[in-house]
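Throw the hints in and build the complete structure from the sequences for me.
So the chains spell out like this:
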Amino acid sequence: MSDVILEMRNITKLFPGVKALDNVSFSVRQGEIHALVGENGAGKSTLMNVLSGIYPYGTYHGEIYFQGKECRFRDITESEKVGLVIIHQELALIPFLSVAENLFLGNERAKNGVINWNESISKTAELLNRVGLNESPNTLITNMGVGKQQLVEIAKALAKEVKLLILDEPTASLNETDSEKLLELLLQFKEHGISSILISHKLSEVNKVADSITILRDGATIETLDCRKDNITEDRIIRGMVGRDMTHRFPPRDSNIGEVIFEVRDWNVYHPLHEDRKVSTNVNISIRKGEVVGLAGLMGAGRTELAMSIFGRAYGTRISGKAYKHGKEIDISTIDKAISNGIAYATEDRKAYGLVLIQQVKNNITLANLEEISTRQVINEPQEMRVTSEYRDKLNIKCSSIQQLALNLSGGNQQKVVLSKWLFASPEILILDEPTRGIDVGAKYEIYTIINRLVSEGKGVVLISSELPEILGVCDRVYVMRDGKIVGEMPANEASQEKVMKYIMTQQEVVEQ
Amino acid sequence: MKTLSTLFKNNVREYGMLIALVAVMVFFQVQTNGVLMKPVNLTNLVLQNSYVITMALGMLLIIVSGWIDLSVGSVVAVVGALAGVLIVRYDVNWVVVVAISLLVGAAIGAFQGYWVAYLKIPSFIVTLAGFLMFRGLTIALLRGESVGPFPRGFQNISSGFIPDFFNGDGFHITTMLIGVILSVLLIWLDMRTRKNQQKYGFEVTPFYFFVAKNTGLTAAVMIFSYLMASYKGLPNVLILLFVLIAAYAFMTSQTVIGRRIYAMGGNVKAAMLSGVNTTRLLFYTFVNMGVLAALAGLIVAARLNSSTPNAGDGMELDVIAACFIGGASPTGGVGKVIGAVVGAFLIGVLNNGMSIMGVGIDWQKVVKGIVLLLAVLFDVYNKNKSN
Chain D
1 MSDVILEMRN
11 ITKLFPGVKA
21 LDNVSFSVRQ
31 GEIHALVGEN
41 GAGKSTLMNV
51 LSGIYPYGTY
61 HGEIYFQGKE
71 CRFRDITESE
81 KVGLVIIHQE
91 LALIPFLSVA
101 ENLFLGNERA
111 KNGVINWNES
121 ISKTAELLNR
131 VGLNESPNTL
141 ITNMGVGKQQ
151 LVEIAKALAK
161 EVKLLILDEP
171 TASLNETDSE
181 KLLELLLQFK
191 EHGISSILIS
201 HKLSEVNKVA
211 DSITILRDGA
221 TIETLDCRKD
231 NITEDRIIRG
241 MVGRDMTHRF
251 PPRDSNIGEV
261 IFEVRDWNVY
271 HPLHEDRKVS
281 TNVNISIRKG
291 EVVGLAGLMG
301 AGRTELAMSI
311 FGRAYGTRIS
321 GKAYKHGKEI
331 DISTIDKAIS
341 NGIAYATEDR
351 KAYGLVLIQQ
361 VKNNITLANL
371 EEISTRQVIN
381 EPQEMRVTSE
391 YRDKLNIKCS
401 SIQQLALNLS
411 GGNQQKVVLS
421 KWLFASPEIL
431 ILDEPTRGID
441 VGAKYEIYTI
451 INRLVSEGKG
461 VVLISSELPE
471 ILGVCDRVYV
481 MRDGKIVGEM
491 PANEASQEKV
501 MKYIMTQQEV
511 VEQ
Chain L
514 MKTLSTLFKN
524 NVREYGMLIA
534 LVAVMVFFQV
544 QTNGVLMKPV
554 NLTNLVLQNS
564 YVITMALGML
574 LIIVSGWIDL
584 SVGSVVAVVG
594 ALAGVLIVRY
604 DVNWVVVVAI
614 SLLVGAAIGA
624 FQGYWVAYLK
634 IPSFIVTLAG
644 FLMFRGLTIA
654 LLRGESVGPF
664 PRGFQNISSG
674 FIPDFFNGDG
684 FHITTMLIGV
694 ILSVLLIWLD
704 MRTRKNQQKY
714 GFEVTPFYFF
724 VAKNTGLTAA
734 VMIFSYLMAS
744 YKGLPNVLIL
754 LFVLIAAYAF
764 MTSQTVIGRR
774 IYAMGGNVKA
784 AMLSGVNTTR
794 LLFYTFVNMG
804 VLAALAGLIV
814 AARLNSSTPN
824 AGDGMELDVI
834 AACFIGGASP
844 TGGVGKVIGA
854 VVGAFLIGVL
864 NNGMSIMGVG
874 IDWQKVVKGI
884 VLLLAVLFDV
894 YNKNKSN
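Residue numbers (my numbering), protein chains in the order written: chain D, 1 to 513; chain L, 514 to 900.
Among the clues, some could well be false.
In silico PhoX-like pairs for lysine-lysine, Cα to Cα no more than 20 Å straight-line [stated by the list, open to error]:
#1 D:485 x D:502
#2 L:551 x D:351
#3 D:337 x L:782
#4 D:208 x D:229
A few chain L residues that don't get close to chain D, going by computed Cβ distances all over 10 Å [claimed, not checked]:
#5 664
#6 668
#7 699
#8 740
#9 769
#10 786
#11 843
Derived CB-CB ranges, DEER-like [stated by the list, open to error]:
#12 L:624 x D:272: 52 to 62 Å
#13 D:408 x L:722: 48 to 58 Å
#14 D:300 x L:719: 51 to 61 Å
#15 D:130 x L:642: 30 to 40 Å
#16 L:793 x D:458: 32 to 42 Å
#17 D:275 x L:711: 37 to 47 Å
#18 L:890 x D:130: 44 to 54 Å
#19 L:793 x D:275: 22 to 32 Å
#20 D:61 x L:546: 35 to 45 Å
#21 D:322 x L:770: 27 to 37 Å
Hints are computed from structural coordinates only; laboratory data are not their basis. Idealized CB from N, CA, C, for every residue including glycine.
So, in C-alpha cells, the structure goes:
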C-alpha cells in the first residue's frame, strides 16, 4: 500500500525473563490518527520505544519501515531526523528555561555555536501560533500550566519537522478543556498530512479522534479496528483490551449508609506562596458511615488542596475551620495527628508523593503505621512479612515478592501498594485522590472493588476524580468544587454528567440540596 | 533454594566490598613482608581508624537522609580543643570533661541541624560554614598552640587496653574469651535469622554456604582475637567501636526510627505524607552526628595526648569516602552501616599499608581517590546492569 507511512513487522522484544512484545505488527497510514490502546503492561510503551530508537536496532527482532525505507535507529536523534517524534507522558521540558530555549534545545538555531536569538524567537512565535498557544516565547516553562506545557512539547515536535507524532497519554494530566484543545490540534495536523499515534486510556477521546485503533494485549496485537468503516463503541474496545466483556465497569454495591462520621466546617485555606490567595473558601463537607462521597471539579478547582489541607495541613497556610469526628471536635493540625485520628489521604501522584520507589513493597506498606508491627520501637520483621503478604494477596498486588522494589511494579500495582499502606493504617475516613489515574481497566475495577469493601466495613471514602463516569459510577453523593468553593451537592442517583458539568462550568453559585 | 551465583548477584555490593578488603589486605601483607598483620600493627590499625569509623556511623545516617556534613573534621578539632583547655588550663576532672564535650557536640549538631532542617538551608552550605567556623574557634581556643598532656585516665580512652582477668602469662586470655563468645553469638544470630526465614517460607541460602560463611567468619574472628591476645589484648576503643557498630546496625535495620530515616532519604515527601516528622528526624540526625564527632574528637585528643589546632584536618573526606565506598548513595535512601565500616577499614588498610611501604602522603591521596571512584563506578555499573 502506498499510503502507509509506517510499518512495523513482526517486532519481538525480550526483557530478562519476559517477552514484552511477541511478533507484533503495526502500521499507520499517511495522515491518520491511529490510537494504540491496551492495558498497562500490554506493551504499548515498549513498542513506541522500539520505534523511536530508545531501544536501538539489534536489541529487538523485526523490521521497521518508515515511508517505504527500512529504518534501523540506533538512538532517538536518528528517528527524529526522519520525522518521527515521541512525546512522553512525563514532559521533558526544562523548567527554568524559556519556551524558545526549550523549543530549540538540541536543535538550536545557531551558527558556529552562537545562537541567533532573533531567528529563534520569531520561529518560536510562529510555532506557538500553529499550536494555538498565546504565550510569549520568553515565558519560563515553570510559569505555565501543564496544559500549556503539553502544547509547547507539540510545538517542539513541529520544530523538528515532524511527519509522525507519537503521543503517550497526552491528556492524562490535562483537564477537559485542555484535552479538547489538544485533540482539536491533532485533527488539524491530520489536515496538514501529519500522522499521529495516540496512546490513551481515555476511550472517549480515542473514539472521538481516531481513524484506526490497534489493540495490544499481553505483548501481542489483538486486532486493528477501522473507525471509518464501522461504528466502534467503547465497550467494543474494552472487550478487545481485556479479552472479555465488561458489561459492568463498576462493581455493584449495596449502600448501607449510617450516621455522619466526619465533618469539616468553615474550612478556609490560603496558598502557601501567595499568602493572599484563597484556595479553599468556607468549605463545609460531611461524610457518613459506609458512604462514598465524590469530589468533582476541574483540574485546579482546589480539590487536592482541600484534601491535603484537611490531612494534617499538608498543604496551605493560614488554615482555619473546624473538623469533627463523630460529632466531637478533633485536632488534625499535623499529619501524624490526622493519621491517629483515623484520616488517610492517598495522593494523586503516587511516584512523587505516595511511594518510596527505591524501597521494598513491604517497607512501603508499613510506613504509615510502623507502630502496629513494632514493640518498643523495634520492628518485628516476621510480623511485617506476614501482614504485608496478607495485603499482597487481598489486593492482588502482582509482584515477584514483597521484597521487590516498588520501582519495578506497574502503575496499577503501585497504586495498590499505596492503598495497602493506607488500609494498613486502618483509617475511618479515606481520601482517595485520583486513585485510578493512568492505570488500566482491569486494575481500575479492582480498585473500585476495594472501595466497595471499605465502605461495607463501615468506613467513609472521599473520592476525588476528574473522570465523571467514575464519580457517578462509584459514589453515593457528589460535591462539586469550583475555585476552592463547594458549588453543588447532590445524591449520585440524581446526578448526571450534564448536571455536574453545569455546576462546574456555571459562573454563579448554585445552592441546591 | 537460591544458587550460589544468584546469591552473589543479589549481594554483589556487600561481597564485592569484602573481597576487595581481603584482597587489599593480602596484597599489603605480602608487600610489607607480613608487617601488616603483626599484632602491634593490627592494634595500631584499629586505633588509627577508630575515629573514622565512629564518625562514619553518623555520616552514614546523614548521607542516607540525602544530605552531607563537611564540618566533622573541624568539630573533632574544636571539641578536642575544648576538652584540652578544660583539663589542662582549668583542671576540670576528665570524666566531667567527657560529658561536657559530648553535650557540646550535641549542641553543635543541633545548631547545624536547625539550619538544615528548620531553616531549609542546604547542608552543604551550612556545614561548609561550620567547617570554617569550628576550625577558627579551635585556633582561638588553643591560642594557636598545642595543649597537653592529659591524665592517664583520659588517655586510656584510646590508648588503654581491657584488663586481663586471668593470668595468661603474656597471652591475654580475656581477649581470647571475648573472641569465642563473639563467634558463638554471631553463629547463634545467623541461625536464628535462618530459622525465622524458613518459618515464613522465604528462600534461604544453601546450607553449605551457610556453613562456609560462618566457618569463615569464625575463623576471621578467632585469628583476629589470637593476634590481639598475643600483644596487649583488646584496646578499650575497640570495645567501644563494637558496641557502637552493633547499636547502629541494629538501629538502622530493626527499628522504627531507622526505617523512617531510610524512607525520608528515599522520598522525603512520601515519608512526610505517611506521618513521619521529617524535619525533626533530620534535625536529630545532625545532633547524632555532632555527638559522634565529639566522641571522635575525644578519641583523637586522647590518642595524641594533646589538643592541636590541626586535629581532624581533612578527616571529613575520609569519613565521607568510607560511606560512599561502602555503597551509600549520594542521592539518599541507600547505604548500610556494615558497608560504611568496611569502607572505613578499606581506607584504613590503604593508609596503613602504604605508610609501611613508605609511599608518600601525596601518592596515598591519589590511590584513595582512585579507590573511591572505582567503588562508585562499581555501584553504577551494577545498577545499570540490573535495570
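Hints, verified against the model:
1. D:485 x D:502: holds, 15 Å
2. L:551 x D:351: Between residue 551 (chain L) and residue 351 (chain D) the Cα gap is close to 53 Å, so the pair fails against 20 Å, i.e. violated.
3. D:337 x L:782: holds, 17 Å
4. D:208 x D:229: Holds: residue 208 (chain D) and residue 229 (chain D) sit about 14 Å apart, inside 20 Å.
5. 664: Answer for residue 664 (chain L): holds, closest chain D Cβ roughly 38 Å.
6. 668: Since the minimum Cβ distance to chain D is about 36 Å, residue 668 (chain L) lies beyond 10 Å and the statement holds.
7. 699: Label holds. Min Cβ-Cβ 18 Å, cutoff 10 Å.
8. 740: About 35 Å separates residue 740 (chain L) from the closest Cβ of chain D, which puts it past 10 Å; holds.
9. 769: violated, 5 Å
10. 786: Incorrect as stated: the minimum Cβ-Cβ distance to chain D is 6 Å, not above 10 Å.
11. 843: holds, 13 Å
12. L:624 x D:272: 52 to 62 Å: Since residue 624 (chain L) and residue 272 (chain D) have Cβ atoms about 27 Å apart, the given range 52 to 62 Å is violated.
13. D:408 x L:722: 48 to 58 Å: Distance hint for residue 408 (chain D), residue 722 (chain L) is violated at roughly 26 Å.
14. D:300 x L:719: 51 to 61 Å: holds, 58 Å
15. D:130 x L:642: 30 to 40 Å: violated, 51 Å
16. L:793 x D:458: 32 to 42 Å: holds, 34 Å
17. D:275 x L:711: 37 to 47 Å: violated, 59 Å
18. L:890 x D:130: 44 to 54 Å: holds, 46 Å
19. L:793 x D:275: 22 to 32 Å: The hint (22 to 32 Å, Cβ to Cβ) holds, given that residue 793 (chain L) and residue 275 (chain D) are roughly 25 Å apart.
20. D:61 x L:546: 35 to 45 Å: The hinted range 35 to 45 Å is violated for residue 61 (chain D) and residue 546 (chain L), with Cβ atoms some 59 Å apart.
21. D:322 x L:770: 27 to 37 Å: Cβ of residue 322 (chain D) to Cβ of residue 770 (chain L): about 33 Å, so the range 27 to 37 Å holds.
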